[in-house]
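Asker: Sequence:
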Amino acid sequence: MQSDAQNELLREVVIVNALGLHARSAAKLAKIAQKADKGVWLHHGDEQVDAKEVIDILTLGAARGDRLQIRIDAPADRDTLDQIVALVNSGFGE
Numbered sequence: 001m002q003s004d005a006q007n008e009l010l011r012e013v014v015i016v017n018a019l020g021l022h023a024r025s026a027a028k029l030a031k032i033a034q035k036a037d038k039g040v041w042l043h044h045g046d047e048q049v050d051a052k053e054v055i056d057i058l059t060l061g062a063a064r065g066d067r068l069q070i071r072i073d074a075p076a077d078r079d080t081l082d083q084i085v086a087l088v089n090s091g092f093g094e
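In the UniProt record's numbering, the protein residues as written are 1 to 94.
In case anyone wonders, no lab produced these hints; they're calculated from the structure.
C-beta: ideal position from N, C-alpha, C; glycine also.
There's no promise every hint is true.
[As the list claims (entries may be wrong)] So the derived label-pair ranges between C-beta atoms look like this: (1) Asp37 <-> Asp66: 14 to 20 Å; (2) Gly61 <-> Asp37: 24 to 30 Å; (3) Arg24 <-> Pro75: 18 to 24 Å; (4) Asp50 <-> Arg24: 15 to 21 Å; (5) Ala18 <-> Lys38: 30 to 36 Å; (6) Arg24 <-> Val85: 16 to 22 Å; (7) Arg64 <-> Asp37: 18 to 24 Å; (8) Ala18 <-> Gly45: 29 to 35 Å.
[Stated by the list, open to error] Distance condition first, Cα-Cα at most 20 Å in a straight line; then the derived DMTMM-like pairs of lysine to aspartate or glutamate: (9) Lys28 <-> Asp46; (10) Lys35 <-> Asp73; (11) Lys38 <-> Asp79.
Given these sequences and hints, build the entire structure.
Answerer: So, in structure tokens, the structure goes:
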């Protein structure tokens with residue numbers, strides 16, 4: 001879904017891997033997010049963190065079955081968003 005208020009894009013994903021969002025999976029996600037020119041954000045409940053920072057991602061404590069929203073600040077970074085969604089949907093390759 002695209003936000004009309006700003007030029008940002010949002011996607012929702014469900015954590016499917018058994019161990020949830022742990023250090024290895026967070027590092028994979030951050031590595032992809034760092035390719036974006038603008039901001040990439042993860043939302044879990046009331047928390048919002050910078051998806052380019054592994055430590056920030058880990059503070060979410062996202063477990064299997066949890067829903068996350070991924071937001072990018074620039075439509076030009078849509079490929080980065082798609083890659084993150086694919087990574088999460090694949091269970092981080094685990």
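Asker: Which hint numbers does the structure go against, in order from smallest to largest?
Answerer: Failing hints, ascending: 1, 3, 7, 8, 9.
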